[in-house]
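One line per chain: the protein sequences are A and B, in this order.
So the first sequence is numbered by numbering that gives the first Met the number 0: it starts at 0 and just counts up by one.
So the second sequence is numbered by numbering that gives the first Met the number 0: it starts at 0 and just counts up by one.
Among the hints, erroneous ones may be present.
Each computed DSS-like pair below joins lysine-lysine, with the alpha-carbon atoms no more than 25 Å apart [said to hold, decoys possible]:
hint: 1; chain 1: B; residue 1: K63; chain 2: A; residue 2: K35
hint: 2; chain 1: A; residue 1: K4; chain 2: B; residue 2: K23
hint: 3; chain 1: A; residue 1: K82; chain 2: B; residue 2: K56
hint: 4; chain 1: A; residue 1: K61; chain 2: A; residue 2: K4
hint: 5; chain 1: A; residue 1: K180; chain 2: B; residue 2: K22
hint: 6; chain 1: A; residue 1: K180; chain 2: B; residue 2: K56
hint: 7; chain 1: B; residue 1: K23; chain 2: A; residue 2: K302
hint: 8; chain 1: A; residue 1: K180; chain 2: A; residue 2: K35
hint: 9; chain 1: A; residue 1: K61; chain 2: A; residue 2: K360
hint: 10; chain 1: A; residue 1: K302; chain 2: B; residue 2: K56
Reference listing, derived: stretches of chain B covered by chain A, where coverage requires no fewer than 3 residues with Cβ under 8 Å from a Cβ of chain A [as the list claims (entries may be wrong)]:
hint: 11; region: 9-21
hint: 12; region: 24-36
hint: 13; region: 44-54
hint: 14; region: 57-64
So, partial list: chain A residues that the calculated Cβ filter (under 10 Å) puts toward chain B [stated by the list, open to error]:
hint: 15; residue: L93
hint: 16; residue: S94
hint: 17; residue: L120
hint: 18; residue: I122
hint: 19; residue: F167
hint: 20; residue: I292
hint: 21; residue: P303
Calculated directly from the structure, the hints in this document are not laboratory data.
Everything numeric in this text was worked out from a predicted model, so none of it was measured.
Positions of the beta carbon are idealized from the N, C-alpha and C atoms, including for glycine.
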Amino acid sequence: MELEKGKISATHLIFSIGCFIQGSTLLSAFVISVTKQDTWFVVLTGFIISMGTIGIYIALAKMHPHKTIIQMFEAIFGTFIGKIFSILYIFYFLSLAGLNSRDVGNFVVGYIMPETPIIALLIMFVFICSWAVRSGIETMVSYSFLFVVISYIVIIFIFLLLIGEMNFNNFFPAFTLPAIKYVQGTHIVAAIPFSEIVVFLMIVPCLDNQKKVAESFLAGLLIGGITLLAVIIRDIATLGNMISFVTLPSYETVKLIDIAHIITRMEVLYAIELLVLQFFKVSILYYATVLGIAQVFNLRSYKPYILTVGIIIISLSIVVFDSPMENAFWGSTVAPVYSSIFQLLFPGVALITSLIRYIFKGIKVGQS
Amino acid sequence: MIFLLISVFIFVALYDIPDLIRKKYWRELVVFSILFLSIFGIVLLQFSGITIPSPIKGVQYILKDLLHLNYQIL
Chain A
0 MELEKGKISA THLIFSIGCF IQGSTLLSAF VISVTKQDTW FVVLTGFIIS MGTIGIYIAL
60 AKMHPHKTII QMFEAIFGTF IGKIFSILYI FYFLSLAGLN SRDVGNFVVG YIMPETPIIA
120 LLIMFVFICS WAVRSGIETM VSYSFLFVVI SYIVIIFIFL LLIGEMNFNN FFPAFTLPAI
180 KYVQGTHIVA AIPFSEIVVF LMIVPCLDNQ KKVAESFLAG LLIGGITLLA VIIRDIATLG
240 NMISFVTLPS YETVKLIDIA HIITRMEVLY AIELLVLQFF KVSILYYATV LGIAQVFNLR
300 SYKPYILTVG IIIISLSIVV FDSPMENAFW GSTVAPVYSS IFQLLFPGVA LITSLIRYIF
360 KGIKVGQS
Chain B
0 MIFLLISVFI FVALYDIPDL IRKKYWRELV VFSILFLSIF GIVLLQFSGI TIPSPIKGVQ
60 YILKDLLHLN YQIL
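Required output: the full structure, derived from the provided sequences and hints.
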């Protein structure tokens with residue numbers, strides 16, 4: 000029985016993937032604290048490496064058409080082991096949703112409304128996300144184009160206003176850090192913004208033309224990658240050495256806009272962009288969690304679980320870290336390893352297993 | 000605060016359960032109840048001042064302190 004009846008077009012998938020990656024763009028401090036002024040370089044290497052991991056997702060989606068990642072694991076490893084993997088994936092999506100909601104909460108409490116308790120913000124934010132999830136995947140992704148356009152307009156606008164503040168000597172000295180830092184930076188960039196689109200393997204079965212999976216993923220990655228690169232270059236050129244000390248580089252960059260004391264205090268632009276993009280990102284993760292739960296337990300509908308999962312996300316994002324510093328430590332040291340388990344290890348094992356089954360048994364796993 | 004919390008949970012239950020019963024989705028109702036009651040217990044503990052251990056910190060403990068699969072801050 001089909002859980003999700005909505006159909007999405009390839010264009011919507013492209014813009015959703017782009018929008019999803021842009022959601023992480025604004026919280027680039029994890030990688031900037033590691034590689035400082037050379038971050039633009041690790042963004043490029045991370046982009047190339049994540050093309051490889053996305054190749055795995057595309058191959059999986061091609062071998063198992065009309066299946067979400069949870070159904071794929073059950074088809075490849077059998078019911079029992081498949082369900083263990085699926086529950087781990089649900090935990091992964093849930094933890095990402097919790098962490099991203101917490102990022103929003105930290106941002107609003109830390110910079111805009113310091114007196115407000117974080118739970119009030121989280122309840123409002125997650126409630127809006129649950130509203131989006133309840134309206135179905137078609138409605139959710141059809142906003143992605145608008146969000147991508149809004150964020151591009153905001154980025155270009157800020158770029159133009161900041162041209163006077165930019166100093167391209169800030170990129171020097173280049174390549175002086177120890178080599179391990181570049182490895183770490185590449186890993187962070189590949190794992191945190193780019194390969195998180197493993198969650199779109201939950202949405203691919205809704206694509207009306209299954210042949211367009213590959214180009215949708217790559218085009219979406221390109222949209223997100225260009226944004227990330229542009230934002231990082233802008234921030235480094237504007238902030239210089241200060242960039243590795245601030246928690247939200249883009250926010251500090253936007254604060255510097257001051258044209259004749261008239262056009263100033265543009266932080267609100269950044270705040271709008273962050274909330275819009277994080278809203279989209281959390282709704283996709285939220286949707287994946289709810290759909291995953293429904294598929295693991297073979298349920299006929301996922302709608303009744305939306306509010307309950309929303310409460311789980313709120314509760315998780317309250318307990319997740321005690322302070323933003325712990326969050327930053329997690330982001331730059333442990334999170335890339337944690338994410339890689341789900342982005343590279345499990346899909347890689349699944350791909351190899353299904354290839355072996357395909358070669359030795361001659362059975363096409365996807366059609367069994 | 001606890002009163003507010005309980006009323007939120009009652010609202011969620013009243014919002015979701017009648018539809019499940021009307022369609023005779025008994026299996027779904029069982030899964031819903033397990034999920035609902037466990038999260039209700041956890042949130043109730045959280046609101047009465049008991050510190051719930053963070054699952055992410057658990058993952059961090061496994062990866063960082065047991066397996067040493069993390070990067071160092073130099």
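For each hint, the structure was consulted:
1. B:K63 / A:K35: 24 Å, holds
2. A:K4 / B:K23: Within the cut-off at roughly 21 Å; holds.
3. A:K82 / B:K56: Given pair A:K82, B:K56 holds - Cα atoms ~24 Å apart, limit 25 Å.
4. A:K61 / A:K4: Judged against 25 Å, a Cα distance of about 20 Å means the pair holds.
5. A:K180 / B:K22: 57 Å, violated
6. A:K180 / B:K56: 24 Å, holds
7. B:K23 / A:K302: The given pair, whose Cα atoms are some 15 Å apart, holds under the 25 Å limit.
8. A:K180 / A:K35: With a Cα-Cα distance of about 10 Å, the restraint between A:K180 and A:K35 holds, given a limit of 25 Å.
9. A:K61 / A:K360: 18 Å, holds
10. A:K302 / B:K56: 30 Å, violated
11. 9-21: Contact hint for the region 9-21 of chain B vs chain A: holds, 6 residues under 8 Å.
12. 24-36: Since three or more residues must qualify, the claim that chain A covers the region 24-36 of chain B holds, with 7 doing so at under 8 Å.
13. 44-54: holds (count 6)
14. 57-64: The restraint on the region 57-64 of chain B holds, since 4 of its residues have a Cβ under 8 Å from chain A and three suffice.
15. L93: A:L93 check passes; min Cβ-Cβ to chain B is 9 Å, inside 10 Å.
16. S94: For A:S94, the interface hint holds, since the closest Cβ of chain B sits about 6 Å away, which is under 10 Å.
17. L120: 16 Å, violated
18. I122: Hint holds; A:I122 Cβ to chain B Cβ min 9 Å, cut 10 Å.
19. F167: Violated. Min distance 27 Å.
20. I292: This interface hint holds because 8 Å falls under the 10 Å limit.
21. P303: 4 Å, holds
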